[in-house]
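**Student:** Sequence:
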Amino acid sequence: MEFKFNLKEILSASLILFSVIDILGSIPIIIDLRKKNGNIHAEQATMVSGLIMIGFFFAGKFILKLLGVDINSFALAGALVLFLIGLEMTLGRNIFKEEHIDTGSHSIVPLAFPIIAGAGTMTTLVSLKSQFEEENIIIGIFINLFFIYIVLKSSSWIEKKLGDAGTQIIRKVFGVILIAIAIKIFKTRI
1 MEFKFNLKEI
11 LSASLILFSV
21 IDILGSIPII
31 IDLRKKNGNI
41 HAEQATMVSG
51 LIMIGFFFAG
61 KFILKLLGVD
71 INSFALAGAL
81 VLFLIGLEMT
91 LGRNIFKEEH
101 IDTGSHSIVP
111 LAFPIIAGAG
121 TMTTLVSLKS
131 QFEEENIIIG
141 IFINLFFIYI
151 VLKSSSWIEK
161 KLGDAGTQII
171 RKVFGVILIA
181 IAIKIFKTRI
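Position 109 of the sequence shown, counted from 1, bears residue number 109 in full-length UniProt numbering, the numbering being contiguous throughout.
A few of these clues could be false.
Label pairs and their computed distance ranges (CB to CB) [what the hints assert, rightly or not]:
| no. | residue 1 | residue 2 | range |
| --- | --- | --- | --- |
| 1 | 169 | 190 | 44 to 50 angstroms |
| 2 | 157 | 69 | 21 to 27 angstroms |
| 3 | 72 | 19 | 28 to 34 angstroms |
Distance condition first, Cα-Cα at most 16 angstroms in a straight line; then the derived EDC-like pairs of lysine to aspartate or glutamate [said to hold, decoys possible]:
| no. | residue 1 | residue 2 |
| --- | --- | --- |
| 4 | 8 | 88 |
| 5 | 61 | 134 |
| 6 | 8 | 133 |
| 7 | 4 | 135 |
| 8 | 129 | 9 |
| 9 | 35 | 164 |
| 10 | 8 | 164 |
| 11 | 172 | 32 |
| 12 | 161 | 32 |
| 13 | 36 | 88 |
| 14 | 172 | 159 |
| 15 | 172 | 43 |
| 16 | 153 | 43 |
FYI, nobody ran anything at the bench for these hints, they're computed from the structure.
Backbone N, C-alpha and C define an ideal beta-carbon position, used for all residues, glycine too.
Work out the full structure: start from the sequences and follow the hints.
**Tutor:** Now the structure itself:
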């Protein structure tokens, strides 16, 4: 098996994934989840996100086909979750039922999935396979996982720098942006 590493492909795949994952844009959501649940398990969320992305990269089309779900339906389901999270952020109301049992799952749902490794990321991974060599995309995934870990690990520090007023403003703004992203996914997938 011959590896075809290409710096341009690695950079392109990394940047495409970075813009779709939008970990910087997710900072208000991360801060909000940390406030609701006490803390974020950066290692766990990063590892689960990575496993979801790599697993879906290799088996995504097969899994969806096996379940009888097309990529458009999967993307629409992810868009619906993003829409509801955006509504929560914008309106300041809880839509999702809060679990009081500390299982650590708040680092997985909704953080690892669908915010980091959501339908947009998974759909992008499937489409990248037609443009780039697999090994270059895998490296791009790991580069993004590194940035994801840094942002998750420093969420407390970021929140302190922003302050309560800054966090609330960013939360509302990014809530509207999440709603807009969800609507865009709806429009392009219907």
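**Student:** Hint by hint, note whether the structure agrees.
**Tutor:** Structure-based check of each hint:
no. : hint                           : verdict
1   : 169 to 190: 44 to 50 angstroms : violated, 32 angstroms
2   : 157 to 69: 21 to 27 angstroms  : violated, 39 angstroms
3   : 72 to 19: 28 to 34 angstroms   : violated, 21 angstroms
4   : 8 to 88                        : violated, 39 angstroms
5   : 61 to 134                      : holds, 15 angstroms
6   : 8 to 133                       : holds, 11 angstroms
7   : 4 to 135                       : holds, 7 angstroms
8   : 129 to 9                       : holds, 11 angstroms
9   : 35 to 164                      : holds, 11 angstroms
10  : 8 to 164                       : violated, 41 angstroms
11  : 172 to 32                      : holds, 11 angstroms
12  : 161 to 32                      : holds, 15 angstroms
13  : 36 to 88                       : holds, 12 angstroms
14  : 172 to 159                     : holds, 15 angstroms
15  : 172 to 43                      : violated, 27 angstroms
16  : 153 to 43                      : holds, 8 angstroms
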